[in-house]
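Given the sequences, and given the hints that come with them, work out the whole structure.
Chains as they are written, first to last, in our numbering: chain A, 523 to 787; chain B, 175 to 441; chain C, 5 to 254.
Keep in mind the hints are simulated off the structure, nothing from the lab.
Ideal Cβ positions, reconstructed from N, Cα and C, are used throughout, including at glycine.
One should not assume that every hint holds.
[What the hints assert, rightly or not] Derived coverage of chain C by chain A (criterion: at least 3 residues anywhere in the stretch with Cβ under 8 Å from a Cβ of chain A; other residues may be distant):
no., segment
1, 143-151
2, 154-164
[Claimed, not checked] Here are the simulated distance ranges between beta carbons:
no., chain 1, residue 1, chain 2, residue 2, range
3, B, A278, A, A784, 49 to 57 Å
4, C, I76, B, V418, 29 to 37 Å
5, B, L430, C, S41, 46 to 54 Å
6, B, A271, C, L20, 20 to 28 Å
7, C, P149, B, P244, 52 to 60 Å
8, B, V418, C, G203, 29 to 37 Å
9, B, R252, C, N49, 37 to 45 Å
10, C, I76, B, P244, 40 to 48 Å
11, C, V236, B, A271, 24 to 32 Å
12, C, L247, B, A229, 50 to 58 Å
13, A, K781, B, N334, 35 to 43 Å
[What the hints assert, rightly or not] In silico negatives: residues of chain C with every beta carbon more than 12 Å from chain B:
no., residue
14, E24
15, G30
16, V68
17, L73
18, N121
19, W243
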Amino acid sequence: MSAEHLCLTGVTRIYPATEGHAAVHALGPIDLSLKPGEFFSVVGPSGCGKSTLLDVIAGLARQSAGTILFEGKPVTGEVPDGIGVVFQEDASFPWLTVFDNAAFALRRAGVPDAEVRERVRHTLAFTGLSSFAQAYPAQLSGGMRQRLCIARTLVTRPRLLLLDEPFGALDQQTRLLMGDELLKLWRETGATVLLITHSLDEAALLSDRIGVMSARPGVFIDLVETGWARERDSRLAAEAGFGVVTGRLWAALRDQSIKALAMAS
Amino acid sequence: MRAAQDADPLVTAERAERRAVPPALDTMLMIGGLVALWQVGTILLGHEALPSPVATVSKLAGIMADEDFPRHAWETARASLTALVISLVAGLAIGLALGAHRLAGEVAEPMLTALYSIPKITLYPIILLLFGLGISAKIAFGVIHGIIPVILFTMNAVRNICAVYLRSARAMRLTAAQTAGTIIVPAAVPEIVSGFRVGFALTLLGTLIGEMFASQRGIGYMLVKAMETGDTGTVMALALLLVVLATAASAALLALDRRLRRHALAS
Amino acid sequence: MTRAGWIRLALIVGALALLEAACRHGLVSRHAVIPPSRMIEGAWNAIAADETRADIWLTLQNVVLSLILSMIVGTAAGLMLHKATRFRRALDPLLASYYAVPTFVFYPLFIVLFGLNRWPLVAIGFLFAVVAVIINTLDGLARIPRAFVRTAAVMRLTRSQYALHIVLPAAAPWFFTGAKFAVAYSFIGVIAGEFVVSGAGIGHAIAFAYNSFDNRMMYGLIVLLFVLVGSVNTLLSLWERKLYARRAGR
Numbered sequence: 523m524s525a526e527h528l529c530l531t532g533v534t535r536i537y538p539a540t541e542g543h544a545a546v547h548a549l550g551p552i553d554l555s556l557k558p559g560e561f562f563s564v565v566g567p568s569g570c571g572k573s574t575l576l577d578v579i580a581g582l583a584r585q586s587a588g589t590i591l592f593e594g595k596p597v598t599g600e601v602p603d604g605i606g607v608v609f610q611e612d613a614s615f616p617w618l619t620v621f622d623n624a625a626f627a628l629r630r631a632g633v634p635d636a637e638v639r640e641r642v643r644h645t646l647a648f649t650g651l652s653s654f655a656q657a658y659p660a661q662l663s664g665g666m667r668q669r670l671c672i673a674r675t676l677v678t679r680p681r682l683l684l685l686d687e688p689f690g691a692l693d694q695q696t697r698l699l700m701g702d703e704l705l706k707l708w709r710e711t712g713a714t715v716l717l718i719t720h721s722l723d724e725a726a727l728l729s730d731r732i733g734v735m736s737a738r739p740g741v742f743i744d745l746v747e748t749g750w751a752r753e754r755d756s757r758l759a760a761e762a763g764f765g766v767v768t769g770r771l772w773a774a775l776r777d778q779s780i781k782a783l784a785m786a787s
Numbered sequence: 175m176r177a178a179q180d181a182d183p184l185v186t187a188e189r190a191e192r193r194a195v196p197p198a199l200d201t202m203l204m205i206g207g208l209v210a211l212w213q214v215g216t217i218l219l220g221h222e223a224l225p226s227p228v229a230t231v232s233k234l235a236g237i238m239a240d241e242d243f244p245r246h247a248w249e250t251a252r253a254s255l256t257a258l259v260i261s262l263v264a265g266l267a268i269g270l271a272l273g274a275h276r277l278a279g280e281v282a283e284p285m286l287t288a289l290y291s292i293p294k295i296t297l298y299p300i301i302l303l304l305f306g307l308g309i310s311a312k313i314a315f316g317v318i319h320g321i322i323p324v325i326l327f328t329m330n331a332v333r334n335i336c337a338v339y340l341r342s343a344r345a346m347r348l349t350a351a352q353t354a355g356t357i358i359v360p361a362a363v364p365e366i367v368s369g370f371r372v373g374f375a376l377t378l379l380g381t382l383i384g385e386m387f388a389s390q391r392g393i394g395y396m397l398v399k400a401m402e403t404g405d406t407g408t409v410m411a412l413a414l415l416l417v418v419l420a421t422a423a424s425a426a427l428l429a430l431d432r433r434l435r436r437h438a439l440a441s
Numbered sequence: 005m006t007r008a009g010w011i012r013l014a015l016i017v018g019a020l021a022l023l024e025a026a027c028r029h030g031l032v033s034r035h036a037v038i039p040p041s042r043m044i045e046g047a048w049n050a051i052a053a054d055e056t057r058a059d060i061w062l063t064l065q066n067v068v069l070s071l072i073l074s075m076i077v078g079t080a081a082g083l084m085l086h087k088a089t090r091f092r093r094a095l096d097p098l099l100a101s102y103y104a105v106p107t108f109v110f111y112p113l114f115i116v117l118f119g120l121n122r123w124p125l126v127a128i129g130f131l132f133a134v135v136a137v138i139i140n141t142l143d144g145l146a147r148i149p150r151a152f153v154r155t156a157a158v159m160r161l162t163r164s165q166y167a168l169h170i171v172l173p174a175a176a177p178w179f180f181t182g183a184k185f186a187v188a189y190s191f192i193g194v195i196a197g198e199f200v201v202s203g204a205g206i207g208h209a210i211a212f213a214y215n216s217f218d219n220r221m222m223y224g225l226i227v228l229l230f231v232l233v234g235s236v237n238t239l240l241s242l243w244e245r246k247l248y249a250r251r252a253g254r
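Written as structure tokens, this is what we have:
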């Protein structure tokens, strides 16, 4: 295996033209490589193709050009083994209990029952959901449901975790606490994380490295190294270095956001 | 390759969004297909049992040219339009009241859904006993069919109005009448139009059923007479007329409905 | 029972009592409306008489046949239409206008097709019910959240796993709504057919009682029919609520 866990070269996504509409160049070209165990965030103005980038990496959408290598193997429009995705929308299944939701992927994959129970119990404890194992998602708060979606993904032991604004629907305090939990999970699982977010604070607090994207078609216009220690949490926000990082992100992003706003209207 | 394209949810979503306008040409093709199917049916079953599309259209032209026809058509139009106006106005008023008054709505809703699902045709003897033969029985029949969906849709529309609209109304110190006229009705319009659409279809159906039993005039009466004498040509011709009229009116209301909904989404 | 439930019960009982009193004191013509107590007596007579019992039994059989056929055909057609996107979109305006068409005018055609037996009536009930099933199936399939579809892709589910473990449970409430409509519409279709042209069944028995001025039998049958349809509907609603209570977080 090469030193890169994930490697993108010249990745582009163009929505083909349909009757009466011209083709839309949504993304790229993107070049990016992530080291194993790295925490990488992508920030960018709305509509810049952040989520498209995640879809293409996950194999949920096919790139129009360029290559994606995950653990050395090419990804083309199909989800490879070892990738987990958490979406912004609540994707917990309302007809299953918390336990059955978490066990869903393992059971479909034919994992033996005893092992399923063991792994789910462990993951629920890990994500603080143990006491809700027999509850249904509708009985949980929004934050708890999102935690369940993360647990459902973690139980499959993904080596690359893709997060598409997972805390987008939560309030600021809950977001900060969920971020701390995410850091803990990241440290303990050793997975590589790619987080899409529109929150500069969130990106600055959590990441080793942050990619700033331009307005559509989205390309990286800046890569910011935070230099944080692996042991860290949201109390970083009080430190002077934090303001430097968010300041640099905003400096790179401001013009792009203005451009995106003009494009939308 | 093809499968991979299909599995791509973004492309499908994007395309679906761009093609939000229903392709009229495809619907035309579909109608052409149905007519062709009808013709095949005629060939299989014989002209006696199922008159061909062409024969039916010329039969309809003949019926419409008959001097009696305008009288029948006018009778049906008058009865169903009156029933429609009553269903809409009364249904809207009752629906608004039940929607605004929470407890009254809760009490009424199960009774209304129960009434909606019973075969109301069985009520015709009672309607006849109450109204006697003639146009008022037909109108009553149209109304009992059409009013319930109008009430139910309006009630739910009022209940589902965003709480923040009502709080804004209070913040602007609107009176109850002003709130109803300037906030509740405009906000609920798309839902109310959906109710009108269902109400229209059922009112027409109810009026026709009424005419079949409670009248000596109207298209429903012509229908039941042709059915009794086994005159399939006339039955098919009248059925075609009703199908075309009902579909056209319903399609117009559907187009209005969609436009209002898009408008509501855009704002 | 909830407060609304008690009020509802009181309203119904009060209305019946009022009607009973009005009829007994001659405020309403006996030729038009009979007291509710007499209606119940009529209903009992209808159940007791072999002839009307046969009518009721026949109607129920036809309704059940229409229900089963419309559920099977409607669900299958809904699944196929969901796949054929272009076809479905062309069909949309026709489906939306479908219930404006008085289906039972095709009864003579069905007699030619099936002969003079129960099937023309079943066909009318079926035609009435099947489109409601199709519409609800399509609705349920269209409302499967995109996040679920994508989750299934990430979990690398097979086609059959996706159908069984995502589509079926996610669309189940809509299938249930379709079934509820199918019950009501099968009743409406079959009874309407019996009324218009048939020589047997509850609908025919009501028309016959009306024509022979047998008000007690007529009202008895109507009450019986309403109680029947009403209790089937109530049972289905209760079952539905129980099934989906957990989902809604109640």
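Comparing the hints with the structure gives:
Judged by the Cβ-Cβ criterion of 8 Å, the segment 143-151 of chain C is covered by chain A as claimed, because 3 of its residues qualify and three suffice. Given as covered by chain A, the segment 154-164 of chain C passes the check, having 7 residues with a CB less than 8 Å from a CB of that chain where 3 are the minimum. Separated by about 51 Å at the C-beta atoms, A278(B) and A784(A) satisfy the suggested range of 49 to 57 Å. The hinted range of 29 to 37 Å is satisfied by I76(C) and V418(B), whose Cβ atoms lie roughly 30 Å apart.
Distance hint for L430(B) and S41(C): a CB-CB separation of about 49 Å, consistent with the stated range 46 to 54 Å. As the Cβ distance of A271(B) to L20(C) is approximately 24 Å, the hint placing it in 20 to 28 Å holds. Taking the beta carbon of each, P149(C) and P244(B) are about 54 Å apart, inside 52 to 60 Å as hinted. Between V418(B) and G203(C) the beta carbon distance is about 32 Å. The supplied range of 29 to 37 Å therefore holds.
Taking 37 to 45 Å as the suggested C-beta distance range, the pair R252(B) and N49(C) conforms, at roughly 41 Å. About 45 Å separates the C-beta atoms of I76(C) and P244(B), a value consistent with the hinted range of 40 to 48 Å. Our hint of 24 to 32 Å for V236(C) and A271(B) holds, since their Cβ atoms are close to 30 Å apart. A hinted range of 50 to 58 Å holds for the C-beta pair L247(C) and A229(B), which are about 51 Å apart.
Range check, K781(A) to N334(B): Cβ separation about 38 Å, and the 35 to 43 Å hint holds. Distance check on E24(C): its Cβ is at least 16 Å (rounded) from any Cβ of chain B, clearing the 12 Å threshold; non-interface status holds. At the 12 Å boundary, the C-beta of G30(C) stays outside the reach of chain B, the nearest C-beta of that chain being 16 Å off. Listed as outside the interface, V68(C) is consistent with that label: its C-beta sits roughly 15 Å from the nearest C-beta of chain B, beyond the 12 Å cut-off.
Residue placement check: L73(C) keeps its beta carbon more than 12 Å from all beta carbons of chain B (closest about 18 Å). The claim that N121(C) is not at the interface with chain B holds, since no C-beta of that chain comes within 12 Å of its own (minimum 16 Å). Every C-beta of chain B lies more than 12 Å from that of W243(C), the closest at about 15 Å, which supports listing it as non-interface.
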